[in-house]
Amino acid sequence: MLNISNLHARVEEKEILKGIDLEVKPGEVHAIMGPNGSGKSTLANVLAGRDSFEVTDGTVEFEGDNLLDMEPEDRACEGIFLGFQYPVEIAGVSNMYLLKAAINARRKHLGHPEIDAMDFLALIKEKIQLVKMNEAMLYRGVNEGFSGGEKKRNEILQMLTLEPKLVILDETDSGLDIDALKTVSDGINALRSPERAIVLVTHYQRLLDHVVPDYVHVLAGGKIIKSGGSELAQELEKKGYGWLGPASPDSVVSPEAVKSQRAEQGV
Amino acid sequence: MAAQISPLLDHYLAEFARVQPQLPGADWVTEQRQAALKRFVEAGFPSNRMETWKYSDTRPLQKQPFELAPESTLSQADVEAFLLPELDCYRLVFVNGRLDPALSEVVDLGETAVSLASALNEPLTSLQKGLNSTLNGHGHALSDLNLAFAVDGAHIRLADNQVLDKPIHLLFVATPGEKAEDEAHMVQVRNLIELGKNSEATVIEHYVGLGEDAYFNDFVTEIRLADNARLKRCRLQEETGKAMQVGATHAVLGRDSHFHSHAVDLGGRWVRNDTVVGLQAEGAEVHLDGLYVPTGRQHVDNQTRIDHASPHCISREDYKGILDGGSRGVFNGKIIVHKDAQKTDSEQHSAALLLSGKAEVDAKPELEIYADDVKCAHGATVGQLDEQAIFYLQSRGLDAAAARNLLTYSFADELIQRVGIEPLRKRIERGLLARLPNAEQLQELL
Ligand SMILES: Nc1ncnc2c1ncn2[C@@H]1O[C@H](COP(=O)(O)OP(=O)(O)O)[C@@H](O)[C@H]1O
Ligand SMILES: [Mg+2]
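In order, the protein sequences belong to chains A and B.
Per our numbering, the very first residue in the first sequence carries number 12; after that it's consecutive.
Per our numbering, the very first residue in the second sequence carries number 6; after that it's consecutive.
Same shape as in the complex, but just chain B (with noise of 0.2 Å):
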């Protein structure tokens, strides 16, 4: 094998060899990972020869072999600017996917959510049966790069019965840290999220970075609901300017369990998520909710997999994108709906405007349907700011630009609105508005 295998894949199996003494884990972890780096090694980098991969050319991962982010300390000073101040919350701050304690607020919050590292070192743990096991085969050979080199992450568990009174704001910062010029770092983050019968929570996973330096940032999410649990799930991204994100989400839901996820991306060079949900048992409800906002020479790329294997489920989707700029964005929805998921109900949605000439989107459904009573809808627009609208609004005495941001805005509204946590809520929207040009007089609208 060794004869065959290209100089970058030469480089993980020796970046592996070189921090594995440092990547935490008990055995069995670490047999994990060494299998996971095998199969990431045989698979190598997605090619666009890959159905799910077409749209997205994983060239821009190849250009340069990546180290692993060495620890970093960082001051409250630093993460200021990415906290959600006003809202009453727990918060997990990982510092190139290593938890800071010092910078995060825990306290009251017990066992409920500890660093994935701390959990991974124990010798036997309920996690060897969970870790890595929402996958299902429907991961892809970066999560198995992600397992290999996984340094922490957050690990939430609650009991049956459990709700949690606040939501907690994982906060995932990226930073060069003290970097010789030529280093380019990966941040491999594992996040492992299992709700107990009945039980409830609110997770916002935040993602962001610091400098200028491009990195990749490489994470994967397990989710795992038993019966009755409902989880409200929020991913805000905000990387830098030239960070490439690969991300994934496997959510594995137990009946009459409800997963609501808001996907948020405003930043990053280079951007996939896969968000895979497995309605395993009757009576199982996801929404996806997806919001995407590329300007300049941005790439994004959100897939999305919904296995209704089992009867009665519902599944409702609604993904919008805004391409500005020679931005490019890609949204497949892929629904399965398997032989025994009788009376499914499912519903998908896609939208994209193009506010500028250059921009492209990919935008398609794609259902499966092996079982013959269910009720599934799909539609998915692509278009253009509403001249008759423009006009509406120029006609009331607004110029061009603010009716184009108005608009934009409108379209973005109801999504964001679904997202419900005021301070993200708003965070969001100056985020959208601080995308498009002139917005400072729709500040007023938030």
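One chain only, chain A, in its complex shape (with noise of 0.2 Å):
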């Protein structure tokens, strides 16, 4: 499904994806993990189409196409699904228009008619259900005075309404409470199938207890150093990044530094 082949980029002068290679293939789960800094934000966000980075080598590949040629919107509208690290606040713009702008974009690309209305609202009753939100809220401005554990619900919410092909969630689990959590992994698991694939960009073991993943990438400086199953995040939670000793001068993290890092994130 999604081919990634010796990725470049940059943002400004700074390179800070140094060759990925990854393969991602229908119905798999792969967690991608590392220090700050690594760059999993940046891969993700050159997935989804983001300008500000440049891509300067290698190629990306989603279901045979050129995913590099396409339009951040097309992306999304073929099926690609980026939850973000920060989901952007937009005051006055309602959860629901929203919801509903980005339905029908999607119909549109693929040729069918606008979503009824009242198929619409009872497509997101049944999915607000499972993120646990409150009504009330889609009714509100797009993650406007949400708190960070909202703003992540919300982002579940908008990945489970257009049942993306591709979901890429970058860093979804972080600033969550157990009970908050556990509802985003349902989420996550309710979308899991043969046909679907999902990269979890995390920063810590704790969302792969509840979203096995079937393989684990490790993200140091710009590549991926080592990869494995999912007894691959368990030995990190044990041994810290540091333990994968330096992939490249700038990408050595002590085991003190990734504790404190996770000290810093409320683990």
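For the record, the hints were derived by calculation from the structure and aren't laboratory data.
Quick caveat: nothing in here was measured; it's all calculated off a predicted structure.
Ideal Cβ placement from N, Cα and C applies to all residues, glycine included.
Fair warning: there could be bad hints in the mix.
Some but not every residue of chain A turned toward chain B, in silico, with C-beta under 7 Å [claimed, not checked]:
id, residue
1, 59
2, 61
3, 64
4, 83
5, 84
6, 87
7, 93
8, 99
9, 104
10, 112
11, 113
12, 116
13, 205
Just the calculated beta-carbon pair ranges, DEER-fashion [stated by the list, open to error]:
id, chain 1, residue 1, chain 2, residue 2, range
14, B, 392, A, 72, 24 to 32 Å
15, B, 287, A, 150, 37 to 45 Å
16, B, 406, A, 63, 15 to 23 Å
17, B, 352, A, 206, 49 to 57 Å
18, A, 124, B, 406, 46 to 54 Å
19, B, 352, A, 225, 52 to 60 Å
20, B, 445, A, 72, 34 to 42 Å
21, B, 445, A, 150, 19 to 27 Å
22, B, 287, A, 82, 24 to 32 Å
23, B, 107, A, 126, 19 to 27 Å
24, A, 47, B, 406, 33 to 41 Å
25, A, 133, B, 65, 54 to 62 Å
26, B, 183, A, 122, 20 to 28 Å
27, B, 406, A, 221, 35 to 43 Å
Assembly of the complex is requested from the two constituent chains, each provided in isolation within its own frame, with the hints serving as guidance.
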């Protein structure tokens, strides 16, 4: 489904991704872990089409098409969904409006008519229960005044409503309390299916206890320095990223640093 | 004097002599007019060497000599597009500044709202004290020009304890009418709103134009609120593309009175508005909201001045600009906290969104504080649409143009919501969307 080969990307003059290779097949769940600043969000954003990152080398194919040639909205309409590490607040534009606009943008792209108003309501009512959000939040501005956890639930609600083929979740688990983590994990698991692929960008193990990945990759210094099964995540949890040794001079991270990072994130 | 004045100012002297017989007013009014004309001629058009005119060059107003727009009649159909059909309201329609009773709906309004012209014709009225009394030296030459030539306007007068059941929609339509090719018209409107103690009213001042010719709309609205009175006033400016507008609002607030002003500038080629508020007695409160949305070559200048002249008064100010094309915006928010105005509570925000690299804005707060126990906050921001937010919306499938429109709408939303009057709010939203490229899909938001 997704085929990344030798991907290099930079922002301004700084090279951040330094040759990423990754293949994701339908039905698979991949976890990408790594220390702060290693390029995880950059990778997620490049896949979704953020143009402030410049791809300098390599290729990305999505279902056989050259993904890098596509506008972000076309990628979305083709079935790629990015759950943001920091979802944006948009006052005065209700969640409902955005959900409907997003659904209809995709339907238009696929040559389908706009969604029927009643069907839309029924769909949202069903999905909102899965993420345990208050219905009143649907009528508030997009993420407007939402807490960190509410924003992440809202990302999951959008994901569930849009039913993408490829889901990329960037630290959707950070800043969540135990209950919210459970809800978010259930939401992700609800979407797991043989035709769909999921890439979880995460900083630490606990999400992966709920959503068990098929593969775990460690990204450090802009490269994947190790790949393995779900047991790799547990090993990392025990030993810290320092255990893997420096992949490049700027990716040296001591277990202490990892610990303090985690402390910051309230883990 | 006559020897030194320019041909242009000479024109206004001659124009006054020409139209004076048709201007309303008893002798005392004529005297005021002549004095105002004299002040205008002495001062001349404001120059941008003057601090408050620094960014607004009045040369466009001096390119041609304006003649007072003649009487003209319009049909219901001519003004249909400007009515607020869903709004249950009283309506006074002024054509080229003069009340048109046939187009107005004033049944049941009685003496509450009348034509200023008819009031001015009374030999002795309370107006003698009221007219031009709110300016307190803060007017400018073009407000004097207005006093000299004012043909009419609304005189709204609420008795003590009178609460108006419906908003009053004042619709001012400029029309070329029968006009010679080389003539350019000026419309001179004067409004006076006087609210008695504990009274309450909502007034919509709506400025529009017909045709494509350039014209000059020069208006003054005077507001006087007695103790505990409440006024909500919305000024919606939808002049035509070549129109020039100079408007001045002067409000004097009594004890515990409350004035909420919503000013929206959508149209016009060259627009200047002064809003001057005097918090003259304890506990008075003013809210000034402003939204300006120039595009193309439009120029919009909003100057506000709030005098905290008494203790325990509150002022809130929120101005936002959305500037596209090669447009130019100016906002100056002057707040003066006088020596005795202890416990003043004042907040001012201005924000401007530049949609194009060629648009320009000069927005600044200007605070003068002479009391020591006060709370004053202010902030001014100028920026572009947030790229991160655009990307967020694109990543949900919206194309870049739709994303930009949605965020622009979002920027203005809070201000527009505060207008509160549903049909008016919708009209403003439609007006805003009409200025954005391909915003049809946003109609659903309204
Ligand atoms: N817009 C940007 N401008 C400059 N540097 C950036 C920008 N975005 C990310 N970076 C830098 O790129 C590196 C990788 O960032 P990121 O992909 O966010 O890491 P991660 O998500 O793994 O924590 C960091 O050093 C970060 O400071
Ligand atoms: Mg990140």
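Here is what the structure says about each hint:
Annotation: interface hint on residue 59 of chain A holds; nearest CB of chain B at approximately 5 Å, less than 7 Å. Satisfaction of the interface hint for residue 61 of chain A is found here, the shortest Cβ-Cβ separation to chain B being roughly 5 Å, below the 7 Å cut-off. Interface restraint check for residue 64 of chain A: the shortest CB-CB distance to chain B comes to about 11 Å, outside 7 Å, so the restraint is violated. The restraint placing residue 83 of chain A at the interface with chain B holds, with a minimum CB-CB distance near 4 Å, inside the 7 Å limit.
Checking residue 84 of chain A against chain B by beta carbon gives a least distance of about 5 Å; that is within 7 Å, so the hint holds. Because the smallest distance between the Cβ of residue 87 of chain A and any Cβ of chain B comes to about 4 Å, under 7 Å, the interface hint for this residue holds. About 5 Å separates the beta-carbon of residue 93 of chain A from the nearest beta-carbon of chain B, less than 7 Å, and the hint is met. With its C-beta approaching chain B no nearer than about 4 Å, residue 99 of chain A sits inside the 7 Å limit, and its interface hint holds.
This hint holds: residue 104 of chain A has a C-beta 5 Å from the nearest C-beta of chain B, less than the 7 Å allowed. Taking 7 Å as the C-beta cut-off, the interface hint given for residue 112 of chain A holds, the closest approach to chain B being about 6 Å. For the restraint placing residue 113 of chain A at the interface with chain B, the shortest Cβ-Cβ distance is roughly 4 Å, inside the 7 Å limit, so the hint holds. Because the closest C-beta pair between residue 116 of chain A and chain B is about 3 Å apart, less than 7 Å, the hint holds.
A distance limit of 7 Å between C-beta atoms decides the matter here; for residue 205 of chain A the minimum to chain B is near 24 Å, and the interface restraint is violated. For the pair residue 392 of chain B and residue 72 of chain A, the supplied restraint of 24 to 32 Å holds, since their beta-carbon distance comes to about 27 Å. At roughly 40 Å, the beta carbons of residue 287 of chain B and residue 150 of chain A sit within the given window of 37 to 45 Å. Range check, residue 406 of chain B to residue 63 of chain A: Cβ separation about 19 Å, and the 15 to 23 Å hint holds.
Separated by about 55 Å at the C-beta atoms, residue 352 of chain B and residue 206 of chain A satisfy the suggested range of 49 to 57 Å. Separated by about 22 Å at the C-beta atoms, residue 124 of chain A and residue 406 of chain B break the suggested range of 46 to 54 Å. Between residue 352 of chain B and residue 225 of chain A the CB atoms are about 55 Å apart, so this pair conforms to the stated range of 52 to 60 Å. Distance hint check for residue 445 of chain B and residue 72 of chain A: the Cβ-Cβ separation is about 35 Å, which falls inside the suggested range of 34 to 42 Å.
Checking the proposed 19 to 27 Å range against residue 445 of chain B and residue 150 of chain A shows it holds: the Cβ atoms sit about 23 Å from each other. Evaluation of the 24 to 32 Å hint for residue 287 of chain B and residue 82 of chain A yields a failure: the beta carbon distance comes to about 59 Å. Between residue 107 of chain B and residue 126 of chain A the beta carbons are some 49 Å apart, a value that contradicts the proposed interval 19 to 27 Å. Between residue 47 of chain A and residue 406 of chain B the beta carbons are some 35 Å apart, a value that agrees with the proposed interval 33 to 41 Å.
Between residue 133 of chain A and residue 65 of chain B the beta carbons are some 57 Å apart, a value that agrees with the proposed interval 54 to 62 Å. Look at residue 183 of chain B against residue 122 of chain A: about 55 Å separates their beta carbons, and that is not inside 20 to 28 Å. Distance hint check: the CB atoms of residue 406 of chain B and residue 221 of chain A are about 39 Å apart, consistent with the given range 35 to 43 Å.
Violated hints, listed in ascending order, are 3, 13, 18, 22, 23, 26; each of the other numbered hints is respected by the structure.
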